[in-house]
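Protein chains: 2
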Amino acid sequence: MSERKRVVVVGAGFAGMSVAKKLAGKDVDVVLIDKRNHHLFQPLLYQVATADLSPAEIAWPVRSIFSRSANVSVFMGEVTGIDLDGKRIIGGDRELGYDFLVLATGAVTSYFGKNHWARAAPGLKNISEATDIRKRLLLAFERAENSEDEAEKRKLLNFVVVGGGPTGVEMAGAIAELAKQALSHDFRRIDPRDANIILAEGGPKLLAAFPDDLSDYTQKSLETMGVDVRLGQQVSDITVEGAKIGDDFIPSANVIWAAGVEVPDLKDWTEKPVDRGGRVIVESDLSLPGYDNVFVIGDAAHVKWGNDQTVPGIAPAAKQQGKYVAGRILDVLKGQSTPPFKYSHAGNLATIGRHRAVIDLNGFKIKGWLAWWIWGLAHIYFLIGIRAPALVMVQWVWSYLFRKKGARLITGSDAQSKP
Amino acid sequence: MSERKRVVVVGAGFAGMSVAKKLAGKDVDVVLIDKRNHHLFQPLLYQVATADLSPAEIAWPVRSIFSRSANVSVFMGEVTGIDLDGKRIIGGDRELGYDFLVLATGAVTSYFGKNHWARAAPGLKNISEATDIRKRLLLAFERAENSEDEAEKRKLLNFVVVGGGPTGVEMAGAIAELAKQALSHDFRRIDPRDANIILAEGGPKLLAAFPDDLSDYTQKSLETMGVDVRLGQQVSDITVEGAKIGDDFIPSANVIWAAGVEVPDLKDWTEKPVDRGGRVIVESDLSLPGYDNVFVIGDAAHVKWGNDQTVPGIAPAAKQQGKYVAGRILDVLKGQSTPPFKYSHAGNLATIGRHRAVIDLNGFKIKGWLAWWIWGLAHIYFLIGIRAPALVMVQWVWSYLFRKKGARLITGSDAQSKP
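As given, the protein sequences belong to chains L and D, one line each in that order. Residue numbers for the first sequence, in UniProt numbering: 1 to 419. Residue numbers for the second sequence, in UniProt numbering: 1 to 419.
Bound-form chain L, shown alone:
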């Protein structure tokens, strides 16, 4: 009966949520589809992996966020293809028509063709992966405490993080804090402080997107925390026995992959040009070439920035794109034109450990405890944008500031499985 236009948004990450939020209450029907039932605050996911936070502290049911937005419907389901000319998305044996389509499907862990490494070296892109890593890390210490075999013990207490970007730095720092501080008094036969944490980066420095002095500070901080940083070292093999890094084989039961991501599916679905990482190369209004009613945003999109850069895959960029596309759709409905998308880069920011972080605000550099507090406040600010109740925020801050490694649970049916 309604003659309202239907906007289908695929993906409930930062980009997709931002579209749906801006269109909530407007004169369009919004259908938001995700294969999971929750929106994930990805920047804190590593803290689930290192037992600082519980999954429910950084993820919220999508439909509860839009509970009071009558024009937004949420579906949990998987999209398997698109009929661009028929204006329909396909999900298994079902289909759904759209007037506008926004693809905000995000990225997944990429092993650069070495997919068999995945079993031994999980990535960190969703809650299942994070709780899997948490289980591995905690079980490693439990098994080392139980072991009578020195070589096995060594293997269990060697932690290898592959990739020196923000996620790798955060993981290495958080594992160091777990081993050297949180667990330090909890065992009787091993000393968790004996754990080796190795951070391997193929390039010449950590945090490639940052100025050299902040990269140096990051490296020195990690080294002070007990992390063995290895730069310019390629990882050439990963098995359940360990990882080959440069010329060394490091026996390790705990390899974590933080070296890359890729965009699945969109090349097949759209049959349009993608970049090396599978990101769809979009027009200046973030639309799919040839289809001005279809948009690709967030980590899934290759968006030009200035002359020789692309917009980075970070939350603020995804949200800007989401807001832009929502505005663009409203403009089209009003018959108005829209200026091209323009990315506004606030800066780069990465945390190393408690009271240690680095921030580069377009050349204005901050490091140490001040940066850490700014990092914390920035995250709280973004979190408030997702989950309205201020009470919940207070609880989260409380929990983050005062509760150390409160989520050290090993659960799941194979909680006891041997390595």
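It cannot be assumed that every hint is accurate.
Because identical chains share one entry, a pair is satisfied inside a single copy or across any pair of copies.
Subject to a maximum C-alpha distance of 20 Å in a straight line, what follows is the list of computed DMTMM-like cross-link-like pairs (lysine to aspartate or glutamate) [what the hints assert, rightly or not]:
#: 1; residue 1: K26; residue 2: E223
#: 2; residue 1: K26; residue 2: E283
#: 3; residue 1: K26; residue 2: D331
#: 4; residue 1: K180; residue 2: D360
#: 5; residue 1: K35; residue 2: E148
#: 6; residue 1: K153; residue 2: D93
#: 7; residue 1: K114; residue 2: D93
#: 8; residue 1: K272; residue 2: D213
#: 9; residue 1: K205; residue 2: D331
What the hints contain is simulated information worked out from the structure, not anything from laboratory work. All values derive from a computational prediction rather than experimental measurement.
We have chain L already, so just place chain D on it with the hints.
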């Protein structure tokens, strides 16, 4: 080098923890073994199943609780047998000698021989089972929202709880609150308030251990909340299609088993008499007949109470037994005698829903909101006993009072699997 006696405690539930806590700092070596790494606050487990609480809010790493108790070692591992005469416990290919052994291994869900019902009707005894139930409940609503088939929709929105004891009552009440309140505005194509919640009990009343008027109150309260209570109805079959209750077959994708527990393994390990539920019939000092250095306590023990009753399987009883056995061991080491164990019953207490509970304090009966607040305070009191920091308690109370269904996450690798 140490000539200290070794006390091995198997199981880190209320009973085992209570032994280890009382022996912490004493002149004995305590080894506490559990197949999981966490102590679980079982009485609130149903709130994990109904998405009120996260696992980490009701479970704590055992070893962190004993972090500062140098004479207590914690091992995560599974015991597979006991050599009573050789004073050794066996775990796979390893063994460990003891001077005193305390078996506090607890109970597991029992299907009374119908183990094939387990797949369609999970029980509620550990965190994995609770998160499994949570996933099923939440997915049922998601799938109903997606479904075009009225019969399938009906099956997805029929919830059957088998067993009218405290766990069954709590589950039925919490599912009713989830469907009729928490989710009521979150869907567009179904109305979660249309969910049917059926509570089936084979006996003539709910909460068999309670006085009749409190059982009646419980039934009327559940009915007000929209639960269909069916008394005197045997469940004769459960499949993935539904459950046969009395003469009715109820199509349901969500059957939850809260009808019974049993004690595994101890009959085989001890070769001593057990009762119908597998509980070991112990001496008046809770020792195993014939072995005065081996004790069985908690849900695993059949302990006489008065003339014709046994001590109930509730947390306060388990803790009393744990304290008693720790005292008994210390007495033996001092060459002192110990009076027989005497159970002191404070009362029975069950919650029906928010602001509705029943309490029977040895004949002094309370019901309604006052009982609910007493129930809440009693749980906080017990929780304080486990996890020292008062700050954490404040957080928990806050969370419990103000956060509604905050843990509505569907996670796990089969998060999208079809029914």
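Going down the list of hints, with the structure as the test:
With identical chains, the CA atoms of K26 and E223 are never at most 20 Å apart, being 52 Å at best within one copy and 40 Å at best between copies. Proximity of K26 and E283 under a CA criterion of 20 Å is satisfied in neither setting, with 25 Å inside one chain copy and 73 Å between copies. In the homo-oligomer, the alpha carbons of K26 and D331 lie at most 20 Å apart inside one protomer (12 Å), although the nearest pairing across protomers, at 75 Å, exceeds that limit. For the identical chains of this complex, K180 and D360 are neighbours neither inside a copy (29 Å) nor across copies (49 Å), given an alpha-carbon limit of 20 Å.
Taking the shortest Cα distances, K35 and E148 sit within 20 Å of each other only across copies (18 Å), while inside one copy they are farther apart (44 Å). Only between protomers do K153 and D93 lie at most 20 Å apart by alpha-carbon distance; the minimum there is 18 Å, versus 50 Å within a single protomer. Proximity of K114 and D93 under a CA criterion of 20 Å is satisfied in neither setting, with 32 Å inside one chain copy and 37 Å between copies. When the C-alpha separation of K272 and D213 is checked against a cutoff of 20 Å, the pair qualifies neither within a copy, at 40 Å, nor between copies, at 71 Å.
Taking the shortest alpha-carbon separations for K205 and D331, neither the intra-copy value of 44 Å nor the inter-copy value of 64 Å comes in at or below 20 Å.
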